[in-house]
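Protein chains in written order, with this note's numbering: chain A, 67 to 192; chain B, 16 to 553.
Just so you know, these hints were derived from the structure itself, not from any lab.
There may be inaccurate statements among the hints.
[Claimed, not checked] Below are the DSBU-like pairs computed for lysine-lysine, each with C-alpha atoms no more than 35 Å apart in a straight line:
| id | chain 1 | residue 1 | chain 2 | residue 2 |
| --- | --- | --- | --- | --- |
| 1 | A | 96 | B | 533 |
| 2 | B | 533 | B | 406 |
| 3 | A | 162 | B | 299 |
| 4 | B | 549 | A | 162 |
| 5 | B | 533 | A | 162 |
[As the list claims (entries may be wrong)] Here are the in silico distance ranges between beta carbons for each label pair:
| id | chain 1 | residue 1 | chain 2 | residue 2 | range |
| --- | --- | --- | --- | --- | --- |
| 6 | A | 132 | B | 228 | 17 to 25 Å |
| 7 | B | 144 | A | 84 | 28 to 36 Å |
| 8 | B | 44 | A | 137 | 45 to 53 Å |
| 9 | A | 143 | B | 263 | 22 to 30 Å |
| 10 | A | 125 | B | 183 | 46 to 54 Å |
| 11 | B | 51 | A | 161 | 35 to 43 Å |
| 12 | A | 79 | B | 402 | 23 to 31 Å |
| 13 | B | 410 | A | 132 | 56 to 64 Å |
| 14 | B | 33 | A | 103 | 50 to 58 Å |
| 15 | A | 144 | B | 403 | 49 to 57 Å |
| 16 | B | 477 | A | 79 | 45 to 53 Å |
For each residue, glycine too, the CB sits at the ideal point set by N, CA and C.
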Amino acid sequence: MGNDAHAPDAAASVDFEQVQSTGQFQELRKRHRSFVFPMAVAFLLWYFAYVLLADYAVGFMSTKVWGNINIGLILGLLQFVSTFAITGWYVHYSNKRLDPIASEIRDEIEGHEFDKQGNRLGGVNK
Amino acid sequence: MINIATAVDVAALKDTTLLNMGVFALFVAVTMVIVFRASRNNKTAADYYAAGRSFTGSQNGTAIAGDYLSAASFLGITGAIAINGYDGFMYSIGFLVAWLVALLLVAELLRNTGKFTMADVLSFRLKQRPVRIAAAISTLAVCFFYLLAQMAGAGSLISLLLGISDWGGQALVIIVVGGLMIMYVLIGGMKGTTWVQIIKAVLLIAGAAVMTLWVLAIYGFNLSGLLGAAVETANNPAVLNPGLQYGKTETSKLDFMSLGLALVLGTAALPHVLMRFYTVPTAKEARKSVVWAIWLIGLFYLFTLVLGYGAAALVGPETIRTAPGGVNAAAPLLAFYLGGPLLLGFISAVAFATILAVVAGLTITAAASFAHDIYASVISKGKADADTEVKVARRTVVVIGVLAILGGILANGQNVAFLVALAFAVAASANLPTIIYSLFWRRFTTQGALWSMYGGLGAAIILIIFSPVVSGGATSMIKDANFALFPLSNPGIVSIPLAFFLGWLGTVLDKKREDSTKQAEMEVRSLTGVGAEKAVNH
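One chain only, chain A, in its complex shape (with noise of 0.2 Å):
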């Protein structure tokens, strides 16, 4: 067995520039993207905001609004509510929009469609 990261395997005879040319990856890359760059923007902007915030709106972030428990505390938990809520959101896209796309591409190419010498492929077909 090589140890090179990608040792001769089953798929080197594919021609993955043709299959990165492909509406239907690219589609899947434009799916992937837009869901993943905006919310890490959204979820990083939003936690430092919140860090701003408690280092430097300390006036703010300790009005009390129930009790003792003050505004910074509620926007801290808010950070987890987040956290929990972007979790399960990404897992819903993946599932319904990510999932379908990439095993149909990859059946695609473990069925040889895009083989370059038209070999047939081993080890990586059940």
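Let chain A serve as the given structure and place chain B on it in line with the hints.
Just chain B now, with coordinates in the frame of chain A:
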């Protein structure tokens, strides 16, 4: 209000030493049996490094939580909240939100393109040798600082939990912890290590859950009442507000921003966390494991909020500060207040198990990186067979174990938080830009990767050396000298943007273009999972 603080008699803790050792010995015995059973199937390199890729998403998610919730999380954050109030809670938030970076941008793509180590992914479409060496060096650096922190933490814990306060006795315990860790990793490989982490995560979260419910029950499940009691015992209403620790000066505020940046960007670049994604059969299971980990880790950090303020209310910041072990003693002291010697014994054993499991995870990552990236790919130029590689990995485990024991003895009593924050900052600076660029930026080149990795690693370490944590302050490692030219104790705010910038600059100035076929292959593989390493069937 009655002064509950006197109810905790710190001196009485020594009477529980035998019990603590008993519970810990039981944990070691049970996990050893499991590790021996797990090791029966360790045949190939994929078995040894990646547990045959046979764990399910939920098992791996629990193991990730076990790997991530180190003694710094449990003892450190509880203590930080007990003493610094709200500012301690903000660590929890940074450590949790960081997982979204791993979930959205890294976990699945990495599982689809790599095999055993972080370097597999980084060197996929760039020049193998230089990129692999750089990635292995930064992996070893991050693991080493993280290891030192854990081993040093073991030393300071022992002074409280086992009542051993002399230097020789603590050194002996560090040797025992290190020796056990070497045994686990040597015999069990990734499979054994994973099981130790799963057991530890279950014990830790269960123990924290029991204590949380107990504390809440005392205050009639009224969070506001608990917070009020914490204010009363501490005699300081500011414990509920941000800024008690970091709000003192403009520099300390900037320092907090820097820490926040390192925490949120460091997690997805920690090599021992990344390596865990290879222990599952598919990218979908990798996703499932991050989801599990996020729920478990989030739940645990919610517990630390109650435990921290609970310790502040029931034990009191003064008692905690003056106890042997200092800030780290908050959680054990709270356990002793609540459940007496038995709960303390259980929590102490869990704390030891925590250190053992995290240290084992770090050791196998460092050993895999040395054997797979440096020995197999660079020294023997890919000619070594898998058996030799695993043999080298096992020998590396022993070397790293001995180094960690020596480093732990030397670093005993040093500022543990400094070492952990250093590991996070180094990981975020040296690894994250290259991981993100190579996964998402088509134009990215070898020169960009090398500039970013060496630049980020070097900047982070140099800034730490010239920071107040090393010299010039009352809590510095070297108190007598002052060469603290850099005012912040965390380098993240400078070194992380610098590493991203260098990655971009190195790429646009690079006249060479990388192989576009390889780029296409990496992109297709990362998103579809074609040709990804499959599970090993026995």
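Evaluation of the provided hints:
1. The hinted pair formed by residue 96(A) and residue 533(B) meets the criterion: a straight-line CA distance of about 20 Å does not exceed 35 Å.
2. Restraint check for residue 533(B) and residue 406(B): satisfied, since their Cα atoms lie roughly 31 Å apart, inside the 35 Å limit.
3. Pair hint residue 162(A) plus residue 299(B) holds up; C-alpha atoms about 13 Å apart against a cutoff of 35 Å.
4. Between residue 549(B) and residue 162(A) the CA atoms are separated by roughly 24 Å; this keeps the pair inside 35 Å, and the hint holds.
5. Using a Cα cut-off of 35 Å, the hinted pair residue 533(B) and residue 162(A) holds, with the two alpha carbons roughly 29 Å apart.
6. Under the hint 17 to 25 Å, the C-beta atoms of residue 132(A) and residue 228(B), about 22 Å apart, fit the expected range.
7. Roughly 29 Å separates the CB atoms of residue 144(B) and residue 84(A), a value that falls within the hinted 28 to 36 Å.
8. Roughly 49 Å separates the CB atoms of residue 44(B) and residue 137(A), a value that falls within the hinted 45 to 53 Å.
9. The given range of 22 to 30 Å is respected by residue 143(A) and residue 263(B), whose C-beta atoms sit roughly 26 Å from each other.
10. The hinted window of 46 to 54 Å between residue 125(A) and residue 183(B) holds, with their beta carbons roughly 51 Å apart.
11. Between residue 51(B) and residue 161(A) the C-beta distance comes to about 39 Å, which sits within the given range of 35 to 43 Å.
12. The hinted range of 23 to 31 Å is satisfied by residue 79(A) and residue 402(B), whose Cβ atoms lie roughly 29 Å apart.
13. Between residue 410(B) and residue 132(A) the Cβ separation comes to about 60 Å, which falls inside the hinted range of 56 to 64 Å.
14. Checked against the hint of 50 to 58 Å, the pair residue 33(B) and residue 103(A) passes, with Cβ atoms roughly 56 Å apart.
15. At roughly 53 Å, the beta carbons of residue 144(A) and residue 403(B) sit within the given window of 49 to 57 Å.
16. The supplied range of 45 to 53 Å is met by residue 477(B) and residue 79(A), whose beta-carbon atoms lie about 47 Å from each other.
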